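**Q** Residues per chain are reported as follows:
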Amino acid sequence: MKIHLPKMTFWKTILVIILLLGFYATVVRFTQGLGASTHLSDAFPWGLWIGFDVLCGVMLAAGGFLLTATVYIFNLEKFKPIIRPTVLTAFLGYSLVVVALMFDLGRPYRIWHPLVMWNPHSVMFEVAWCVMLYTTVLALEFAPIVFERRRLKGPTRVLHAISIPLVIAGVLLSTLHQSSLGSLYLIVPEKLNPLWYSPLLPVFFFISAVAVGLAMVIFESWMSAKAFHKQLELPLLQSLGRVLLVVLGVYAVLRFEDLYNRGVLPTLLHSSYETELFFLEVVIGLLLPIALLANPRIRSTAGGLYLSAVLVVLGFVTNRLNVSITGMESAAGVHYIPKWTEVAVTASIIGAGFAIFALAVKHLPIFPEAAGEEPPLPPLAEMTHAPL
Amino acid sequence: MLKSILYDATMCIDCKLCEKACAERNKLPYNEEVATEENLSAHKLTAVMAKGDKFMRRFCMNCEDPTCASVCPVAALRKTSAGPVTYDQTRCIGCRYCMMACPFNIPKYEWGVLLPRVRKCDMCADRVAAGKPTACAEACPTGATKFGDRDALVAEAKDRIAKNPGQYINHIYGLNEVGGTSVLLLSSVPFATFGYHTDMPKQPLPMLTYRVLSRIPDLVGLTGVFLGGIWWITHRREEVAAAEAHKEESEKTKK
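Chains A and B, in that order, are what the protein sequence lines are.
Heads up, the first sequence stops at 388 in the working numbering, and the numbers go up one at a time, no gaps.
Heads up, the second sequence stops at 643 in the working numbering, and the numbers go up one at a time, no gaps.
Hint data in this document are derived by calculation from the structure and do not stem from the laboratory.
Honestly, I wouldn't trust all of these hints.
Simulated coverage check for chain B against chain A, where a stretch passes if three residues somewhere in it have a Cβ under 8 Å from a Cβ of chain A [to be verified]:
id : stretch
1  : 479-487
2  : 490-504
3  : 589-597
4  : 600-609
5  : 616-626
The model shown is predicted, which means the values in this text are computed figures rather than measured ones.
Here a beta-carbon is modelled for each residue, glycine too, at the ideal position from N, C-alpha and C.
Chain A with its partners taken away, still in its complex shape (with noise of 0.2 Å):
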């Protein structure tokens, strides 16, 4: 524990820092509006806090409904202790999209709208919904951790009867808004490079989600046994690798098949802004992290699983950012840079994620060791077998 003081306090000084400023971005936002708060024009509407917070958000919250749907409906049990970790990032990483979203909207407060007034056309109306409802159904799903420390019974009781409709409804919600944000792309054939636009994106938004839901389950569990000292079995993680790497197989497969069958691979051969951006991505999110897996002694070891975990997440963090920027610049006809407040934004909400979750982790029976209690209670179903 001394040895990790230093190191806790060096992070907590730079967290302290990026929250001022994250603080100050936020008093110009609403105060002067998006204008003086961010780089965006008529020319480029959209920039880091929809590619990031919220494509990348909701991506790398994908876990939740794997994991759930895994253990409760596939019932592979061995998963059971990393059910928690998860859908507590997943209910905390939407959470923080509906804030990015209070950031990015020029209405925020009329963020309920879409519940009264509907346009079932719209791609756009379909997401706010079913972010919406999954992040009900996460909250849902989180509360019996929180229920099993105040000792409630009753709720926890009626929780457990509607466990098993309410992660289908997850699994669900999750399927549909997570191949949603590639649908919202499709509207753009004539804007986004064909190197990204594709009537295939929602399919491959759902595979890389799936993907990056996996590799964040291995990478959490590499960050809670640096902070908390607290990690997952190497088995475990190394089963959750195997499936990584068919994955990512799958996605290669269909990802360039359809590049070829668009006839765009030939672009390829011509350097370019979005050519190199389009390399940096597959390199990092496909290649390196396929290579590295499908090498049994790197798959077999903790830390070459933790770094195609970071790999694959830095390599689809790329690609959202190329779908919804590098992608659309050449036809907006203007380089999008973001300015320093939105950067300081986006790095708060990072930021205050990493807290939110270091604090339930230190407060709430997150890990099974952490409790120091018995057996790990997961949130739903396993809840009749608990000592009510």
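Given the coordinates of chain A, work out where chain B should sit on it, guided by the hints.
**A** Using the frame of chain A, we list chain B on its own:
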């Protein structure tokens, strides 16, 4: 009856009276400085562009099947039966998806305002509803901007091209672009000269997303039953195993 605006660039004299009338109707400031701006913005909803002695207007095309109206999550943008595509600022949440999606890059945003609105030409929907022409058409001294029934204006545009060989390029911009628009343009020089895309798809863009969205009800039903089935099977196995273990135990105790 669908109303339309026909703009014939060969009759335009760059007097910018349409710009002035538009600014007045939309209560926007208009002066010499604004008059020189060729780009649309939150304070300029129509612009006359000049390339030498050739002119061209730019304003909302008021599409027949508008992309902006299809993407708006709160239906703030709507196509009226008379033709105009209107914007209800009391619904708008400011997501700016309309700006992203518009194939003509028309909707603009009040970036400098704390509670901004989307701004675009709405083809003077209130005037059109009252049976009057749009402000720009009424102000036009040469008839370059003409207001009327769409069918009649399409016929007239075709007639002008046929009767004046060499004067026009053979293209009525807006007749088929993204499924047709309520604004029709005629020009003697290629539309690309003024930044108009001439490779627009002939089908309305909203179909691109609706094809996917319309499958959602099927997907929800199928996946829901599928997942429920998987759950039933995986947990059934467990129940059977538990029952058999119980049976074995009781048999042991009997012995």
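**Q** Given that the stretch 616-626 of chain B was listed as covered by chain A, double-check it with a C-beta distance under 8 Å for 3 or more residues.
**A** holds (count 7)
**Q** Report holds or violated for chain A covering the stretch 479-487 of chain B, Cβ cut-off 8 Å, minimum 3 residues.
**A** holds (count 8)
**Q** Quick check: the stretch 589-597 of chain B, covered by chain A? Criterion 3+ residues, Cβ under 8 Å.
**A** holds (count 5)
**Q** Closer than 8 Å Cβ to Cβ for three or more residues is the test here. Does the stretch 490-504 of chain B pass it with chain A?
**A** Coverage by chain A holds for the stretch 490-504 of chain B (10 residues, Cβ < 8 Å).
**Q** With a C-beta cutoff of 8 Å, work out whether three or more residues of the stretch 600-609 of chain B approach chain A closely enough for the coverage to hold.
**A** Since three or more residues must qualify, the claim that chain A covers the stretch 600-609 of chain B holds, with 5 doing so at under 8 Å.
Checked against the numbered hints given earlier, this structure breaks none of them.
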